[in-house]
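From just these sequences and the hints, can you work out the full model?
Listed in order, the protein sequences are those of chains F and Z. Just so you know, this note's numbering puts 64 at position 64 of the first sequence, and the rest follows in order with no gaps. Just so you know, this note's numbering puts 90 at position 90 of the second sequence, and the rest follows in order with no gaps.
Check the hints yourself; a few may be wrong.
Distance ranges between label pairs, derived from CB positions [said to hold, decoys possible]:
id: 1; chain 1: Z; residue 1: 74; chain 2: F; residue 2: 44; range: 35 to 41 angstroms
id: 2; chain 1: F; residue 1: 282; chain 2: Z; residue 2: 128; range: 53 to 59 angstroms
id: 3; chain 1: Z; residue 1: 217; chain 2: F; residue 2: 126; range: 48 to 54 angstroms
id: 4; chain 1: F; residue 1: 279; chain 2: Z; residue 2: 172; range: 49 to 55 angstroms
id: 5; chain 1: Z; residue 1: 74; chain 2: F; residue 2: 81; range: 52 to 58 angstroms
id: 6; chain 1: Z; residue 1: 222; chain 2: F; residue 2: 354; range: 25 to 31 angstroms
FYI, nobody ran anything at the bench for these hints, they're computed from the structure. Computed from a predicted model, the values in this text were never measured in an experiment. In this text, a Cβ means the ideal position worked out from N, Cα and C, and glycines have one as well.
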Amino acid sequence: MIIDEFIAKIEGHGALDIDWANKKARLRILEGERLFEGILVNRPAEEAPWITSRICGVCPIAHNLASVKAAEAALGIVPNKTTILLRKLMMASQIIQSHVLHAFFLASPDYLGIDSGIELAKKNPEIFKTAINLKGIGDEISLAVAGRSVLPTTTTIGGFHKIPAKKTLTELSGKLEKNLNYAIAAAKIFAKLNYPQYNIELEFISQTDKKNYPGYESEIIISSQKDDSAIEDYKNDIQEEVRLDSTAKFGRYHEKAIMVGALARLATHHDYLDPVCRKYLRATNFNNPFHNNLAQAIEILHFYKKAQEIVGILLREKLDPTVAVPSANPPLKGIGAVEAPRGGLYHEIHLNDKGKITFINIITPTVQNLPSMEKSAQAILDQSPKISLAEARKLIEMLIRAYDPCITCAVH
Amino acid sequence: MTNDKKLKLGLFDFTDCEGCQVELVGLKEKLLALSERVDIVNWRLGQAKAQWEQFDIALIEGTPLTPGEIDLLKIIREKSRLLVGLGTCATLGGIPAILDKEERQQWYNKIYGPEYEGRGVDALPLSAYVKIDFLIHGCPISGNEAARIFSDLINGKKLNYKDYSVCFECKLANLPCRLLEKKPCLGPIAQGACGAICLKGGSACYGCFGIKEGANVGALLTILNKFASEEEIENYFSMFHNKSKLYDHR
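Quick look at the structure:
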């Protein structure tokens with residue numbers, strides 16, 4: 001059957017080809033091309049965040065805010081402090097939602113010897129309870145701030161159509177306080193799982209503002225090998241290769257296969273983590289890509305604490321619902337960069353003087369991770385001379401899941 | 001555990017954002033309760049186990065964009081007693097359907113380069129290729145409305161839509177009327193059950209739940225034409241209805 005070649009339990013459709021005689025692994029991406037970069041041309045700028053959030057149902061907030069930031073840069077808009085805080089809160093909920101969905105429901109069954117997230121309910125009820133409580137909290141923050149748990153309804157270029165009432169934030173604060181133990185449990189659970197032990201040389205890159213753990217604010221791209229670059233040059237620094245047998249491009253940073261996402265952020269920014277996360281760092285091996293799932297659990301805890309902190313600030317301060325307006329003579333070209341759950345995301349938007357989109361370019365985290373996935377898959381084949389083809393396939397599919405690829409994003 | 005008396009359910013995804021499946025996972029305990037009443041024999045996103053015999057119910061998310069997906073849709077149809085579309089990509093073509101078939105080649109050239117051969121044929125609803133038994137609309141679906149329909153489906157009840165439009169739900173929520181504020185809105189003709197969630201957030205209604213049966217599209221167009229340009233109206237209708245039948249009515 002055609003569909004059976006698709007790797008199960010990843011977002012979107014991809015296949016793994018293993019040339020067993022030559023011990024080579026290769027990925028083929030098979031998701032249909034929706035052509036978002038064509039869909040948006042000639043449509044008004046304000047539709048960009050609405051439409052791009054529909055690139056991915058797992059990280060819609062990241063796309064929504066990347067487009068908002070790109071359009072604001074193009075229009076010379078400076079959003080107010082309340083807006084920035086609410087967006088950071090949205091990003092925290094986005095990371096929690098996406099990581100919980102992936103790490104618990106799709107990846108953890110690999111390490112627990114079961115098939116599906118639903119089986120957790122009977123076979124690992126404590127883990128299941130942790131997962132659904134955290135998913136619930138992530139969804140509630142999104143609902144309160146973004147208007148819906150999955151695709152945002154409240155956001156707009158310049159600010160928010162609607163901001164949450166203090167009463168809603170007070171309720172949210174209470175719920176966050178009450179459920180903190182589940183976020184701690186997430187880090188504990190993933191610190192104790194049995195990951196395949198591999199040592200693979202990985203180079204990590206992450207967006208950063210050099211002041212905070214990466215998320216909403218990004219100024220430069222930093223690398224674990226001190227090979228930094230400016231975000232304005234993202235298109236030159238991240239080169240996308242087109243392969244004729246793949247609907248997704250393969251992105252390399254300065255011609256190297258690099259890893260982006262939770263493990264990359266943790267490797268480059270562990271000093272900025274919430275102190276409560278630090279003890280779980282000891283369990284993290286930055287040469288083992290399977291530990292990306294542990295890094296995701298540590299980030300769940302970090303962003304949970306971050307969400308609590310932001311809600312606290314919002315409750316203390318006077319909220320400003322004003323939507324910021326375009327400046328005179330704006331550049332009409334802008335880049336919006338955010339650290340999405342899976343890594344650095346770039347939206348570039350060009351507008352004409354009527355506010356219509358003339359050009360949009362999107363580089364997603366998974367595109368950047370694809371060459372690294374192949375490199376790590378190759379390392380597994382090279383480092384495991386005695387395994388069978390079936391074992392190799394199972395292990396490499398696990399590896400691909402550990403990277404948390406989002407093929408729907410990668411193709412877009 | 002396989003129970004022969006349980007209905008065999010397959011959940012499939014074609015090209016899309018998978019957000020409707022995320023909405024389903026968001027049902028948490030409710031999803032677990034529903035899942036215990038069926039035997040999920042095939043669900044690529046959720047499990048590795050995959051059977052390919054008969055399905056009592058096949059749920060399909062996404063638009064069948066590639067030739068492989070179109071073939072697979074036909075195969076699933078043959079194997080399924082009931083075929084249900086899940087989410088607007090499956091039911092109306094969704095966001096990918098904003099692009100017309102003849103526009104695709106120029107974008108393959110621009111995005112991938114001239115040597116690349118695009119896989120996608122045209123973003124169309126499932127109904128363009130096979131008979132569909134029921135459509136669960138929404139971009140994304142409403143988890144609670146989907147749960148209500150699943151429950152009826154499992155119990156063998158006749159499936160139906162709520163007998164009201166988004167406009168009705170918007171009024172129930174006491175929201176200011178966009179049309180009175182001279183902002184386009186498809187709420188009066190849009191099938192309800194979403195709880196007017198986009199309008200509650202301050203966004204427009206583009207009618208992602210489909211056009212309500214018997215809706216007076218002409219009357220809405222008369223109102224829209226009083227304050228909105230043709231292009232603006234076109235943008236609203238093309239968001240989710242570029243390939244749906246409604247488009248032909250205009």
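Give me the numbers of the hints this structure contradicts, sorted from smallest to largest. none
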